[in-house]
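Please take these sequences and the hints and turn them into a complete structure.
Residue numbers (our numbering): 2 to 171.
Because the hints were derived from the structure by calculation, they are not lab data.
Computed from a predicted structure; not experimentally measured.
Here a beta-carbon is modelled for each residue, glycine too, at the ideal position from N, C-alpha and C.
Treat the hints with caution; some may be incorrect.
Quick list of simulated restraints, FRET-style, between CB atoms [what the hints assert, rightly or not]:
1. D157 - W51: 40 to 48 angstroms
2. A75 - H29: 35 to 43 angstroms
3. T137 - L117: 17 to 25 angstroms
4. A114 - V65: 32 to 40 angstroms
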Amino acid sequence: PFLYLVFFVCLFSDVVFGGASFVERDIHRYYFPVWQYAHHALRSGILPLWNPLNHFGAPFLANVQACVTYPLTAFFFLGDFVWAFNFYIVFHLALAAFFAFLWMKDCGVGRLAAFLGGLAYGMSGFMLSAINLTITLCSAAYFPLVLLLFRRSLRDGRFLWKALAAAALL
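Now the structure itself:
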């Protein structure tokens, strides 16, 4: 995973380190303000059940697109919110590439072919367009992992692989 992360950070270095951001379409208009509200609320010690800033108010914790209970949103507490927001996106692209690599290796593909296949999936047009719909980006990042665990549960049949596949789907 480290090589994939290094590749993606180098590719998106201006975004991760230069202060630039992904600012097109839904990511700028919807996700950035929503996650920024969650960031400020949680840092203030408030569990954001309700968002009073959305029109006349809207449920917030129950909104799946707010991702308040998603474990990897802990990135938002690492420091600067804009940096964490950008790193969150680049990390999910690298995660997608790494999980695709693991799945291809499990299917019997050679190491170089699996690496290039993972890179192709992580940088595919679908994944790059999913940056604007981060809920889709996060789901698509785990898809190869689900395939890998499902394949292993069918091949091995032990409960462990079935439980891991269920957890990945969750």
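Hints versus structure:
Range check, D157 to W51: about 45 angstroms between beta-carbon atoms, so the 40 to 48 angstroms window is met. Range check, A75 to H29: Cβ separation about 23 angstroms, and the 35 to 43 angstroms hint is violated. At roughly 24 angstroms, the beta-carbon separation of T137 and L117 lies within the given 17 to 25 angstroms, and the hint holds. Taking the beta carbon of each, A114 and V65 are about 36 angstroms apart, inside 32 to 40 angstroms as hinted.
Taken one by one, the earlier hints fail for this structure only at number 2.
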